[in-house]
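I would like the entire structure built from these sequences, with the hints used as guidance.
Residue numbers (the numbering used here), protein chains in the order written: chain A, 274 to 410; chain B, 274 to 410; chain C, 274 to 410.
Incorrect hints may appear among the rest.
Copies of the same chain look alike in the list, so a pair counts if it fits in one copy or across any two.
With a straight-line cut-off of 30 Å between C-alpha atoms, the simulated DSS-like cross-links for lysine-lysine are [what the hints assert, rightly or not]:
{"#": "1", "residue 1": "347", "residue 2": "379"}
{"#": "2", "residue 1": "379", "residue 2": "361"}
{"#": "3", "residue 1": "347", "residue 2": "361"}
{"#": "4", "residue 1": "325", "residue 2": "379"}
Please keep in mind that the hints were generated in silico from the structure rather than gathered at the bench.
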Amino acid sequence: MDETISIVLFSGTDDKLQSAAVLVGGAAALGKPVKILLQYWALEAFRADRIKANHGLAPEAGEAGRTAIDAAAKGGGAHWSDTMRMAKEIGEIDIQACSLSMDVLKLKQADLDSLVDGIEGVAAFLINAGDGQIVFI
Amino acid sequence: MDETISIVLFSGTDDKLQSAAVLVGGAAALGKPVKILLQYWALEAFRADRIKANHGLAPEAGEAGRTAIDAAAKGGGAHWSDTMRMAKEIGEIDIQACSLSMDVLKLKQADLDSLVDGIEGVAAFLINAGDGQIVFI
Amino acid sequence: MDETISIVLFSGTDDKLQSAAVLVGGAAALGKPVKILLQYWALEAFRADRIKANHGLAPEAGEAGRTAIDAAAKGGGAHWSDTMRMAKEIGEIDIQACSLSMDVLKLKQADLDSLVDGIEGVAAFLINAGDGQIVFI
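See below:
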């Protein structure tokens, strides 16, 4: 149980980010290190000025899904960014912004939430992933 | 070839569920155990009263894609739920509903199709996944 | 660092294909073999007559995202198909069309770009993946 989980986090909707956060929290609780590479719309979602904005849901959510998720949030469910923040406090969680996505979206690290530890290329991410698990979300 | 494949099944469109079912069927045929954790819209799709309903396709499918998939279904292609059912008969396939998604969507196990073996948290899923492959669909 | 990365490439939008291409390029640079199975909309995107057509973006891209990606492409960013082509020149990259998706979409290998090496079933793909990493994009 000491293998690293490496996550390429690409999607920027709140439901997938919540799913990723719960995986990260679970891994932290089990003492599994997690390395996250933020690309495209996930990277956008980690912008400091809008991390808690409404980032929408997957297209198949539908009206009933939207209502259920809004109700859960109002009922005290933690925001995905808070779940990730807690996971970083208890576990070995490293969050890197993909350098190529930073260029495409014209972002600087100062634009990003403090959850993001640095900027990294894909090759470095793959080297760190080693023979562990790679999950694309 | 005895490593478990652990699948976080998040997406609820029929094309992705079909893709997942074919992977599961292939793994079953090869004697590879599969553990599935149903989240969000995939969990919704496993509701007993609508598992064979139309769950739509990925947004990029387009009109031509929709037509092709409808034609394949009419031409005798198996529904993804039937492919999963067959896979469970020949292989070691375990399907769990994510407890957090059950809460968010206000579902009880009685609401779910009999394909679902139980309810599980993410930590238990990750423990069972061990150092095997984790796939997010 | 000699483990194979096996990618089920399902999605057909240019942003996810670009993300996949960058992963493949990074793996090639590191000498990691990559095996890709093209399904559904990714397979559609590899059609010879439209590989460089506009395949759209993930739904959450939004107007600002679209503008940023268009600007990056005009600014000299490589097309994902060119990145994959270069990766094939320097690394051990094998791209197979999923036989089932070929049937559903009524495609023949002659319809596909020369990047595609052949047609394969899911079971063969899983056998080749062995105990290495499996990534679903």
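Verification of the supplied hints:
{"no.": "1", "hint": "347 <-> 379", "in the structure": "between (34 Å within a copy, 14 Å between copies)"}
{"no.": "2", "hint": "379 <-> 361", "in the structure": "both (27 Å within a copy, 29 Å between copies)"}
{"no.": "3", "hint": "347 <-> 361", "in the structure": "within (24 Å within a copy, 38 Å between copies)"}
{"no.": "4", "hint": "325 <-> 379", "in the structure": "both (21 Å within a copy, 24 Å between copies)"}
Of the numbered hints given earlier, the model fails none.
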